[in-house]
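Now that you have both chains on their own, put them together as the hints suggest.
Sequence lines, in order, name chains A and B. Heads up: the first sequence is residues 4 to 643, going by my numbering. Heads up: the second sequence is residues 14 to 211, going by my numbering.
A couple of the hints might just be wrong.
Claimed, not checked - Below, computed lysine to any residue pairings styled on SDA-like, alpha-carbon distance capped at 20 Å:
1) B:K48 x A:Q365
2) A:K12 x B:L204
3) A:K22 x A:V85
Claimed, not checked - Some chain A residues flagged as far from chain B (calculated, every beta-carbon gap over 12 Å):
4) G247
5) P293
6) S355
7) A374
8) L492
These are calculated hints, taken from the structure and not from any lab test. Glycine included, each C-beta is placed from N, C-alpha and C at the ideal position.
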Amino acid sequence: MLAQEIERKLAWILPRIRKPGRYTGGELNQVVKDWDQVDVHVALAFPDIYDLGMSNLGLAILYDILNQLDDVNAERVYLPWVDMEAAMREEGIPLYSLESKHPISQFDLLGISLPYETLYTNTLNLLDLAGIPLRSADRDENDPLVIAGGHAAHNPEPMADFIDAFVIGEGEEVLVEVVRTIQQSKADGGSRADLLRSLAGIWGVYVPSLYQVSYSDDGTVSQVETLDQETRLPVIKRIVPRLGKPVTHFIVPYIDITHNRIPIEIMRGCTRGCRFCQAGMITRPVRERPVDQILDAIEEGIRQTGFEEVGLLSLSSSDYDEIVPLVQAVSERFAGQNLKISLPSLRIESVSVDLMDALQGQSSRSGFTLAPEAATERMREIINKPVSTAQLLETAREIYSRGWKTIKLYFMIGHPSETIEDVQAIAELCKAVLAEGRAVIGKRARVHAGVSTFVPKPHTPFQWVPCDTVEQIQAKQDLLRREVRGAGLKLNWNDPRETMLEAWLARGDRRMGEVIYEAWRAGARFDAWREHFAFDSWLQAFEIVGLDPAFYTHRERPIDETLPWDHIDVGVKKQFLTEDYLWSLDGRTRVDCRERCFACGILPKYAGLRRQNPGEAWECPEVRSPARQKTEQTIPLVPA
Amino acid sequence: MRFTGHLDLQRTWERTFRRAGLPLAYSQGYNPRPKLQLSPALPLGCTSECEMIDIWLKITLEPEEIHDRIVEALPPGLTISGVSEIPASDPALQNQVTSVEYHVSLPELQDLDLQQAIEALLTAREIQRIRRGKGYDLRSLVETLELIPQEAGALVMTLASREGATGRPEEVLLELGLDPADCLIHRSRLLVANPESA
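With the rest of the complex left out, here is chain B (with noise of 0.2 Å):
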């Protein structure tokens, strides 16, 4: 599961709903698509526990009975943690999120001196990387970092996920010297503009 990318876990997605029986809205137009978003892409190997995603039904449902309906029809590797009506007023879920807490499961390190490395991060006023041909600031995106000291060979991170800013958590393990195939990456909370909504 954690091997699906954003667009087919979109599709994941779709293809529960339509197996739960859930009348999903649908977008107009000559490719009508189901109307339905997900929390900011989760990068292809994470785990993830706190994912979001809005969908409009054609007719109201109680929650209660989404959530039953859902259940029975999970694919393995997917379980929901609960089901709200939101207004359909509120913001996208994409806009409403503006940062992303990662928790990072490392490999037995050898001659890397992990703090040290952390500290050199933090204290950097830039850190310039490039990323599919494009240069930009990965300091500015890392909003903490840090070991997690009752826990042997971790480390938890909160990165900016705002529009056009949106921090990566191998791109800070590689910062660190670390090789990210190597980590066990899980994304652990979203943090919300409005805490009432989260």
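Isolated chain A (complex conformation) (with noise of 0.2 Å):
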């Protein structure tokens, strides 16, 4: 189908559908280019709904990157709501761009964002309504590469069968080389093989189909094998060795979305190292951002998108180093434009006093949030966020008295080796935090607590443990929803079944694809959507497959298992992930990684890099010895 006809279409459809302004684009600072005058073609795909994919500050970089070369164009592509996919498929209008309305179909290169794994089904969705061969292995010269990267891709396996390639980490200059791959391919008439070949010879692309997983009897993985030579093994993640300066020229919409902020990210990676965190450990080492150029990158964005919000953004944004002269300069500098700033993520124990009054009038006044993670000191020792409950009531008077009358407590239950006891002290730490409030502002005083679940995620020093059942978790929330109740106090929980999805997939292997693919043909999308998540589908999917669901969540898995994600190389070692483990067990916490380096094994990875960026650009220890041979081989510093 023709984009003119497309158009046409939409001009028909978009007056019968909820929110039309999802489906239009031709919003401020998209990127329209002569589609004859460029040379290959992409389209950056998030598998959800606009609202949530214009919020996602990964897609917004990568199309500001591409757009700057002339010979490529990107352009966006959401999932349309399920109105708007009815109609869509009624009115036979294939999946199109916002840009330039082409099918996505007629792209070369499709690229998906995966940050959580609740976005499966929607990922096979989309290129059903695409038109694309929703299996790798029926794809042919004409149909688009598939790619995807994100948090959720660095265990690949389960969305195997229907990536092409993955990009493992930092997608910032992969991409480009991923781009200029496939012009150089089309030049050259090659074939798709070659293609798929030439990718995986870039550091930090995985290509599935060249490698082989077998299992043994009892399920798990026996071994990953490459099928040629050429190919690497393990895929070392990709980072760039310093972020550079931010983009600014954000696409404004016109309809309300779910972040709308200038969002700015000043430090990328996290050097605390809680253990629940695949955050924590898959996005080191820990860079920061000048203030000078956060500064100019504000001044910037308000020029380009007038925004009257900014976000700046981190896994743990008190952490950085030069946080209240930041958010003092930011003040200072934007007095009277009523700028908003939005600081997700601080930390309890760096969350400093200067901090609030430095916030104070200048961020949302609805509530404060603070994430113990959990109630008790022996708990939090376990997962490695050793704050005491001391200095949380302390910050909580600190935050009530500066005028704050919510305080949101995020917790997680389901914890390795937590009690009822650890469960029921929730329930005391925010009555607790409540009569603090209540000591300064009285009755006004409110504690909203986000009880979530936990979920062991590969590449983490728990990818090891066992998840709840689903019976275990409604034990626990049943005591919270008896205990935490009453005036000033919410409790908000989630579906334990939501839990269990999150839980199979995030630790699946290969043969997940089929459960997916099952469970998106009975009807399953939407899965992150609470109305549309359909639990049963799920568990049918399970038994037509013939695979065990508790085999890949209520398992502990033996320390020297085969994980279906070994070979996907994140960086932090293997080894420290298991001593981290056992340190776990003993109540061993490890300091700020600031303070000390831990080893975790970024340094020696990637040590041509740091060597290559010295001083203040990386928060891990200078490297100053003479390159390695091993090393350099390891990881190229100029990549091919």
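Structural data, given as structure tokens:
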């Protein structure tokens, strides 16, 4: 179908659809290039609706980088909501890009962002709506190359059948290399198989079809082999040595989306080492942006977008070295412009009184969020988020006394070795925090407790541990519902069945692809949306495929088991994860690795890059020793 | 652009002014908002050539300068036809507008005698309709309604736009037996109580 034909049909359909502004494109700062004047057409996809996809910083960065290349165009595509999907299927409209309305199947490259696992059925739906064969093996030279990346892709195996190539790690540089490789292949008229082999040669690219997985009789992975000698094993995570100038040319939507703000990543990675946190393990090393660069980016961002809010983003923003000077400088430089600052991810022990003072009057007063994650000091030591209860209560008091009326506390249940007393303590801690608030501002004080359930993730020290069963989770939640109630207290929790889905997929192996496929065929999609989540379709899918869901969730994995993602190397050594897991069993903690290096494995792996980027560019110690032969062979300094 | 709702349009203007670097005045209080006011809400899906917006600035700027700065910062789909200074004592925009004119491009009609439907609507004393669960009289909100003789498949209507009495063009089209989603509705004129300030 031609772009013009799609536009004509849309004109008829859109007035009949909810929130049609999701499907029109045409926003300020979108980039439209002459289709016939560029060599490589890239569609960047977020496999959920516009409102979420437009709030995704990673895709916005890649969009900007690719569109700066004269011979490449990058356009956006999101998943239509169910009403629009029905209308599109009825009218025979294939999935199209927002910019030029070209069918996605006409692009050379479809890049899909996979930040979390519950987007997997949506990804199949996206391919299906685009008219692209779902399985990589069924695609040929006429189909776009389908790649994916993002945090969930650090265990690529569950989606290995559907994705031609994964980008492991940070996309800023590698995506350009992928695009150039496609450009070359197009110019040479190369075959798809040759293209895939070329891509597999790029640092950070994983082409699953070049690897073969075999299984033992007990269902665990016995080994992962490459099909030829040239293919790399393991696949090493890609990183950029420096964060560089932040993107500021953001698209400004006409309709309300999830995050209406200028997102500026102030730091990448986290030095804390919480053992449950996948992001903290896979985004190492920690790199910070200089304050001046951030300030200039905000100014440029306001000029380009006019957004009313700036988000200073990172995994743990209060750990940013210069956080107080930064927030003060933002307040001063943009005084009188009523610019709101949002600073998600503040850590209890590094939220200083100075930071609260700097934020006062600049951030939303609706609530101040802290994430103790667990309510007893014992439990917090096990998960390596050691903060004393006294310190937490003191921080709460300081927050209330500065005018915030609500403190949001995030907890998880289901941590390893958690007892019912640890869960009971969540209720008590909420009440203790509320009591602090009452002492300062009386009955206006509120505590909102958000209690999610821990899901063990690949590449973390807890990758071996079993996940709670639905019954265990329900018992813990029942207790919390009984105890966390009354004036000033509010409790939110997750459906345990949604937790199961996340847990199955997170540590799934390649055979999980069939389960995802069957669930999608039975109608599963928008799994992250409560109103669409179809638990029974998933159970049914497991049954059809002949896999046991409990094998993936409730089994304690032996330390020496070959894990389905062991051939993906995120730079943190498995030996370090093992040691950290064993430490957790003894309640041994590690301090912030800014204070002391625990040799997680990042430095030897990326020694060459660190040597080239000395000083404050990284939070890791300097590498002064001369280059070792082995390291330089592992990671090319100048990517091929 | 025509699928941008009233509140989103207001935000679009706010962002435009911020890009333009205009020193917007803000309301007092816990959650300060820029002081600006749009003419009565344009129904979703409609285009318009006659919207008005009042904005309050912290300092006085020449209208020409304001105009030029906004033009630089406009998003696709918005244009401005003029900027003028008004006395701060003027009544709110919403209260000045009394009725609104809409131009409607119709789909190719099949079995519908539109002229007859229009006459029936205009001669009725009262037309009870239900919108969002509330009953109201549509007839009293329709001031004029006619086919445009020189233009095939188009009609023009003037609807009341007063506090508590706002006519919606989709409701008129539905009453005529038309599907509003098949029509292109365009707001062509705002009529104000005092013609001098129009």
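Sort out which numbered hints this structure fails and list those numbers smallest first.
2
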